[in-house]
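Based on these hints, arrange chain B on the given structure of chain A.
Those sequence lines, one after another, are chains A and B. Every letter in the first sequence is one number past the one before it in the working numbering, and letter 218, counting from 1, is 252. Every letter in the second sequence is one number past the one before it in the working numbering, and letter 18, counting from 1, is 143.
In short, the hints are calculated from the structure, not lab data. Hints are not guaranteed to be accurate.
Stated by the list, open to error - Capping the alpha-carbon separation at 16 Å, the derived lysine to aspartate or glutamate pairs in EDC-like fashion look like this:
1. K143/B x E461/A
2. K141/A x E299/A
3. K143/B x D398/A
4. K150/B x E181/B
5. K458/A x E129/B
6. K222/A x D171/A
7. K326/A x E299/A
8. K174/B x E210/B
9. K195/A x E173/A
10. K80/A x E129/B
11. K326/A x D142/A
12. K208/B x D182/B
13. K143/B x E399/A
14. K195/A x D171/A
15. K326/A x D312/A
Unchecked claim - Here are some of the chain A residues that sit facing chain B, going by a computed Cβ distance under 7 Å:
16. Q136
17. N139
18. D404
19. R411
20. G419
21. H420
22. V433
23. A434
24. F462
Claimed, not checked - Here are the computed distance ranges between Cβ atoms for each label pair:
25. A96/A x K150/B: 55 to 65 Å
26. V317/A x P163/B: 37 to 47 Å
27. K143/B x V453/A: 15 to 25 Å
28. D125/A x G226/B: 48 to 58 Å
No residue lacks a Cβ here, since even glycine has one placed at the ideal position from N, Cα and C.
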Amino acid sequence: MTEVQTDSLATARVVHGQAGRSSPADFDIERVRQDFPILREKVHGKPLVYLDSAATSQKPQAVIDAMSHFLLKENANVHRGVHYLAERATDAYEGARAKVKQFLNAKDVHEIVFVRGTTEAINLVAQTYGKTHVGADDEVLITAMEHHSNIVPWQMLCEEKGARLRVAPITDAGELVLEELEKLIGPKTKLVAVTHVSNVLGTVNPIRQVVEMAHARGARVLVDGAQAAPHLRVDVQALGCDFYAISGHKMYGPTGIGVLYGRSELLDEMPPYQGGGDMILSVSFEKTVYNKPPAKFEAGTPNMAGAVGLGAAVDFLGGLERDALSAHEQDVLDYGIRALAEVPGLRLIGTTSGKASVISFVLDEVHPHDIGTILDREGIAVRTGHHCAQPLMSRLGVVATARASLACYSTRQDIDALVSGLGKVREFFR
Amino acid sequence: MSAELRDLYQEVLIDHAKQPRNFRKLEGATRTAEGFNPLCGDQLMLYVKLADGVIEDIAFQGSGCAISKASASLMTATLKGKKQEEALALFGRVHILLTEGPSGAVKPEEVGKLAALSGVWEFPMRVKCATLAWHTLRNALAVQGTRASTE
Numbered sequence: 035m036t037e038v039q040t041d042s043l044a045t046a047r048v049v050h051g052q053a054g055r056s057s058p059a060d061f062d063i064e065r066v067r068q069d070f071p072i073l074r075e076k077v078h079g080k081p082l083v084y085l086d087s088a089a090t091s092q093k094p095q096a097v098i099d100a101m102s103h104f105l106l107k108e109n110a111n112v113h114r115g116v117h118y119l120a121e122r123a124t125d126a127y128e129g130a131r132a133k134v135k136q137f138l139n140a141k142d143v144h145e146i147v148f149v150r151g152t153t154e155a156i157n158l159v160a161q162t163y164g165k166t167h168v169g170a171d172d173e174v175l176i177t178a179m180e181h182h183s184n185i186v187p188w189q190m191l192c193e194e195k196g197a198r199l200r201v202a203p204i205t206d207a208g209e210l211v212l213e214e215l216e217k218l219i220g221p222k223t224k225l226v227a228v229t230h231v232s233n234v235l236g237t238v239n240p241i242r243q244v245v246e247m248a249h250a251r252g253a254r255v256l257v258d259g260a261q262a263a264p265h266l267r268v269d270v271q272a273l274g275c276d277f278y279a280i281s282g283h284k285m286y287g288p289t290g291i292g293v294l295y296g297r298s299e300l301l302d303e304m305p306p307y308q309g310g311g312d313m314i315l316s317v318s319f320e321k322t323v324y325n326k327p328p329a330k331f332e333a334g335t336p337n338m339a340g341a342v343g344l345g346a347a348v349d350f351l352g353g354l355e356r357d358a359l360s361a362h363e364q365d366v367l368d369y370g371i372r373a374l375a376e377v378p379g380l381r382l383i384g385t386t387s388g389k390a391s392v393i394s395f396v397l398d399e400v401h402p403h404d405i406g407t408i409l410d411r412e413g414i415a416v417r418t419g420h421h422c423a424q425p426l427m428s429r430l431g432v433v434a435t436a437r438a439s440l441a442c443y444s445t446r447q448d449i450d451a452l453v454s455g456l457g458k459v460r461e462f463f464r
Numbered sequence: 126m127s128a129e130l131r132d133l134y135q136e137v138l139i140d141h142a143k144q145p146r147n148f149r150k151l152e153g154a155t156r157t158a159e160g161f162n163p164l165c166g167d168q169l170m171l172y173v174k175l176a177d178g179v180i181e182d183i184a185f186q187g188s189g190c191a192i193s194k195a196s197a198s199l200m201t202a203t204l205k206g207k208k209q210e211e212a213l214a215l216f217g218r219v220h221i222l223l224t225e226g227p228s229g230a231v232k233p234e235e236v237g238k239l240a241a242l243s244g245v246w247e248f249p250m251r252v253k254c255a256t257l258a259w260h261t262l263r264n265a266l267a268v269q270g271t272r273a274s275t276e
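So here's chain A without its partners, still in its complex pose (with noise of 0.2 Å):
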């Protein structure tokens, strides 16, 4: 795991290249590839080759099985009966709460918002405190890396408050160039929206210095981890974010269930995100009382099952011996750049040393989607196209790339059979 609390970048890539403290070899893959059973299936005859991990995980059978129990043994309505299985269902929701809580080192078990994913929780923060906080002529800057679900919330209400969008530049490696983003922020920014990994890149953001940056001029920050949980260690306090958004998918959990984290005396003094059963203390017609956070945000009945899948994938991810985790997923992603490299044709996009688990890439003529159907006959599962990220597509000049992403499962026979395949895309192309 990169250390994402060290203070720059430079300090980052080096704990990064640190596999001395824990080699590859200290990991066990072929047991972790174990616990995950879709890695055995077949693909038009050939081995599944899964390199598509950004954009959704496989899952552990801990996970299926957590999810399975609870539905099988544990299922009621959470926070509402008084009977048994209430009382088991209640507890397994809140008890995944915790794990989650441990597993960003949350302040308090408050702190954390059950959402359906990083979208959502992004649109509950632009829709809450944006709302209260951003006013005309206000300005909240985001990056130019940032995935669609991280500007288009933003561009909504800076729509409807006549506030302005900014974005602060990136380099052609993909890097952030931070200085620039600190002229960015001015007194009329009151939110900085920044991915902690992009998704297209790789790139490992310094975020400790862009939340120094806003802090010091009162804005705020909020934080798309959706990349960085399943490979960094997260630590909020550390990193002094005031919102951290995750996706259960992304980290080895179901999909439908994510985590937004967000200061306490923020989520207090916030509106609620949607009306509705368990975000209040009382109601009458004349007028309701708002539960306290996280219930003030979590309206209705919410994804409980998934909920528990998603503590089930946090105890996963805890489960691994950290530092060979990391030095593994290093490995092979040090192994995939450098195999990729070195076939003809192809250019490597986001070229940045402080990377975690995707490589994108585009070869000579041939498009992404074309790369993408033609591994995928080899049983190799890459994603092609704008990855959810056009303004970044045009700020690098393609319009498409081909991405392979990495996981704890990854190997570097993996790499190896997506390079093969890539001379069967240029046979066709030649």
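Leaving out everything else, chain B in the frame of chain A:
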């Protein structure tokens, strides 16, 4: 090498993808339409010079995968001199070929050069790539300046 891939990336298709015909802006176009595939970002601009219901000239520009580019190229190469009703009827037949394949209701030999698209049906996720140019054509012929979308 998979037989389906050979059917998909036929030599004619690769040739049209690499050297698309009528790949230019058409001066004096009477109809234009933009086509867009929001899922993959493929985009094309279609220019048609229509006179008395006949497609006198047709050209396109844009970016996309081999299948969308080749399909647009083959379409423009086929439609020059055709009446607009003939063009739309041909789209109907091509659509059947794309979704049902060579053993469906439309035989590849009925569509001339467009038979190069006969392997697409085995890749349902790529049918949209092949139909983008045709949807855009339909819009260009129907209303001036509209935008076609595969979604």
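So, going through the hints one by one against the coordinates:
no., hint, verdict
1, K143/B x E461/A, "14 Å, holds"
2, K141/A x E299/A, "12 Å, holds"
3, K143/B x D398/A, "11 Å, holds"
4, K150/B x E181/B, "15 Å, holds"
5, K458/A x E129/B, "14 Å, holds"
6, K222/A x D171/A, "7 Å, holds"
7, K326/A x E299/A, "11 Å, holds"
8, K174/B x E210/B, "15 Å, holds"
9, K195/A x E173/A, "10 Å, holds"
10, K80/A x E129/B, "15 Å, holds"
11, K326/A x D142/A, "13 Å, holds"
12, K208/B x D182/B, "11 Å, holds"
13, K143/B x E399/A, "8 Å, holds"
14, K195/A x D171/A, "8 Å, holds"
15, K326/A x D312/A, "10 Å, holds"
16, Q136, "38 Å, violated"
17, N139, "38 Å, violated"
18, D404, "5 Å, holds"
19, R411, "4 Å, holds"
20, G419, "5 Å, holds"
21, H420, "4 Å, holds"
22, V433, "5 Å, holds"
23, A434, "6 Å, holds"
24, F462, "5 Å, holds"
25, A96/A x K150/B: 55 to 65 Å, "58 Å, holds"
26, V317/A x P163/B: 37 to 47 Å, "41 Å, holds"
27, K143/B x V453/A: 15 to 25 Å, "23 Å, holds"
28, D125/A x G226/B: 48 to 58 Å, "55 Å, holds"
Of the numbered hints listed earlier, those contradicted by the structure are 16, 17.
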